[in-house]
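Okay, here's what each chain looks like letter by letter:
Number of protein chains: 2
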Amino acid sequence: MSRTIVIAQGGGPTAVINQTMAGAVVEARRRDPGVRILGALHGVRGVRDGKFVDLGALPDDQLMRFANTPSAALGSTRDKPDAAYCEQVLGGLKKVDASAFIYIGGNDTAGTQAILSDTSAGTIACVHAPKTIDNDLMESDHTPGFISAGEFVASAFLSVDLDFRALPGIYVGIVMGRHAGFLTAAASAWRLDEDGGPHLTYVPERAFDRARFVDDIRNVMARHGRCIVAMSEGVSGADGRSLVENLVPADMLERDAHGNVRLSGTDLGQAIERILAEDLAGTRSRVDTLGYLPRGAISMISETDQREAFNAGRFSIEVADSGSGSVALQYFGGETKPALVPLEQVAGKTRHMPADFLETDENRISSEGMEYLERLLPRRFEPGKPFV
Amino acid sequence: MSRTIVIAQGGGPTAVINQTMAGAVVEARRRDPGVRILGALHGVRGVRDGKFVDLGALPDDQLMRFANTPSAALGSTRDKPDAAYCEQVLGGLKKVDASAFIYIGGNDTAGTQAILSDTSAGTIACVHAPKTIDNDLMESDHTPGFISAGEFVASAFLSVDLDFRALPGIYVGIVMGRHAGFLTAAASAWRLDEDGGPHLTYVPERAFDRARFVDDIRNVMARHGRCIVAMSEGVSGADGRSLVENLVPADMLERDAHGNVRLSGTDLGQAIERILAEDLAGTRSRVDTLGYLPRGAISMISETDQREAFNAGRFSIEVADSGSGSVALQYFGGETKPALVPLEQVAGKTRHMPADFLETDENRISSEGMEYLERLLPRRFEPGKPFV
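If you read the sequences in order, they're chains A and B.
Read in order, the letters of the first sequence correspond to residues 1 to 388 in the numbering used here.
Read in order, the letters of the second sequence correspond to residues 1001 to 1388 in the numbering used here.
With the rest of the complex left out, here is chain A (with noise of 0.2 Å):
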């Protein structure tokens, strides 16, 4: 009898995580035609709940298409499983018979599979495939996801840019992003020249400081006679605390069955645009929360993106031969490659945006951020310099 590997997606969706679960599926087939290839529905909910689709009978051509779809095809899940839920998920898995289980996803979901791992005590091979816009996975170069969003928010912020050359004044653009600044950083990707914007960058990495924050937009007005703000959502204090739960009234916060505060409210956008009413009345200023639009753009996919994804997924099925792990995008020699790296390492940890990403005197993208930005995100439009 031929084996049967489970394929299954989690947390945000993506761009590409589709064509990751294309590339597991293509391998599979290729190294055993006769591969039974489950998708379950919604991520180890579906798992546990017996919830599949034959992945193994799709057609190519079928397959193709939703590996250029965004959004995970398979339905995802925020579920975050316990040692109890695990077992129901090994339960699940091996109902099915399965020999090995590709769960797509962000640190949370490598965190299930390090459970499941020490679960099944090697029975099942259990393999992380990476997917997050967030960007923060530990031991990636990069992750899949993360250059399609990118590619978004740099295109948004200078459009933004040149709106703002035409009609001067302040905007803030509030992006994803609660523990790494990653995606909020790529907002400079594409700035048009030295007066070009996003002109400041506020990320989780750096505490916020509202003086400081009034004092930046003050001086890059003199300078540039605007200013655009790319914010994170998950901007916090100098106490760690998230800038919405410093500045939003406690009763009016939301919060997850984690208890963590929702931070993709508009609550973030609201406060910001208070601070600016107060503390620099008299200018034109506009806060916008780009919210879910950067993270499974249709529009914006990246050719790099979806060749990265699938080729993770690829590995994947690979490397399940040789038991559970982790899979990591990795840079070596100007070439990315996928690595097979110990799911602890990967497991609920989170890779923030390196320091010297920011100046320090101001909070402007530094020459080492763009390096590695222009690197991931290559300029995709030359637009004319605007007389104003």
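These are computed hints drawn from the structure, not numbers from a lab.
This one's a predicted model, so the numbers in the text were calculated from it and none came from an experiment.
Beta carbons: idealized from backbone N, C-alpha and C, even for Gly.
There's no promise every hint is true.
Here are the computed lysine-lysine pairs in the DSSO-like style, where the Cα-Cα straight-line distance is at most 30 Å [stated by the list, open to error]:
#  : chain 1 : residue 1 : chain 2 : residue 2
1  : B       : Lys1080   : B       : Lys1349
2  : A       : Lys385    : B       : Lys1080
3  : A       : Lys80     : B       : Lys1051
4  : B       : Lys1385   : B       : Lys1349
5  : A       : Lys385    : B       : Lys1095
6  : A       : Lys95     : A       : Lys80
7  : B       : Lys1337   : B       : Lys1080
8  : B       : Lys1385   : B       : Lys1337
9  : A       : Lys95     : B       : Lys1385
10 : B       : Lys1051   : A       : Lys385
11 : B       : Lys1349   : B       : Lys1337
12 : A       : Lys51     : B       : Lys1349
13 : A       : Lys337    : A       : Lys385
Covered stretches of chain A, as calculated for chain B (at least 3 residues, CB under 8 Å) [unchecked claim]:
#  : stretch
14 : 69-75
15 : 291-297
16 : 347-356
Position chain B against the provided structure of chain A, taking the given hints into account.
Same frame as chain A, but now just chain B:
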């Protein structure tokens, strides 16, 4: 001596307003190689203050690079000149010996041209060339700038709909549009299938009722398991006051010089978020303000839009020989063509979205609405249909 033509740009930038500028320059040079073409910086303000750049001297390649760049390259203005201001503008035009003034913008810009045309008593041809993402100019089938912005919005909502299939809940995306709902309606143009979102559309043309809104969402959740909502920033209650005014305390409202309440803030998003938390508690919900992203997105510039905007610019020069007027894109026999209409038929007026673009039983886009949207915004993406 050759004649002098002055060109300026007014109101909110778009993806193709520079195409119209380029079209005017190309046509003016074609008709008279010795023509002097001045670009006024920041609209009528630049005319008044004598701030001009020499557009006629721009080499073709540089001109076309501008044409392909979103946002007003000459800078824009929100000034709505009164009679006294218009006298000064006229003085500015006379000082440079202008025989024609091409002002690219929306209905306020047409309003300025109507005053200038009267004041100059036929000595200067005052031509309004159309531009607005709002698609709300009288006498027009559609307006330059709308198609590109509409494609951005259609793409965003298709992407978010895919996202929310993977992780279900309620999503409300707030789209620019103070008086006209066309751009918000564009969110439905690329709906994936009968199950696809946006499922509900709220526009300024139909009175918003909180109880009905909540009911609509409940019904959609029951039918589709998720609910994607497209909402105009200018939605208003039955009393005609904008939702922002109705829901936000008066002392928190920001007004512009004309007394208009600022709608492009986070207030509406916050108010909607609160309605969802109060009346649909327990269901995951997210509200994003798309804000400035759709109107000049460098990644989503429609070639049709570019061509039509360019042609509108050429046509504005062609008709300037015969006096003042407004250029309107009209649709006959399967073709979009520019036509000249009297300024007073456009000046300060708003073309509203036809009432039959929305179903009456629920706020869904009707087949009449879809027919219009599909003609202007043909589908550009064919994603795979997710398993969930």
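Okay, the hints, checked on the actual structure:
no., hint, result
1, B:Lys1080 <-> B:Lys1349, "14 Å, holds"
2, A:Lys385 <-> B:Lys1080, "27 Å, holds"
3, A:Lys80 <-> B:Lys1051, "61 Å, violated"
4, B:Lys1385 <-> B:Lys1349, "42 Å, violated"
5, A:Lys385 <-> B:Lys1095, "28 Å, holds"
6, A:Lys95 <-> A:Lys80, "21 Å, holds"
7, B:Lys1337 <-> B:Lys1080, "28 Å, holds"
8, B:Lys1385 <-> B:Lys1337, "37 Å, violated"
9, A:Lys95 <-> B:Lys1385, "28 Å, holds"
10, B:Lys1051 <-> A:Lys385, "18 Å, holds"
11, B:Lys1349 <-> B:Lys1337, "21 Å, holds"
12, A:Lys51 <-> B:Lys1349, "56 Å, violated"
13, A:Lys337 <-> A:Lys385, "37 Å, violated"
14, 69-75, "holds (count 7)"
15, 291-297, "holds (count 6)"
16, 347-356, "violated (count 0)"
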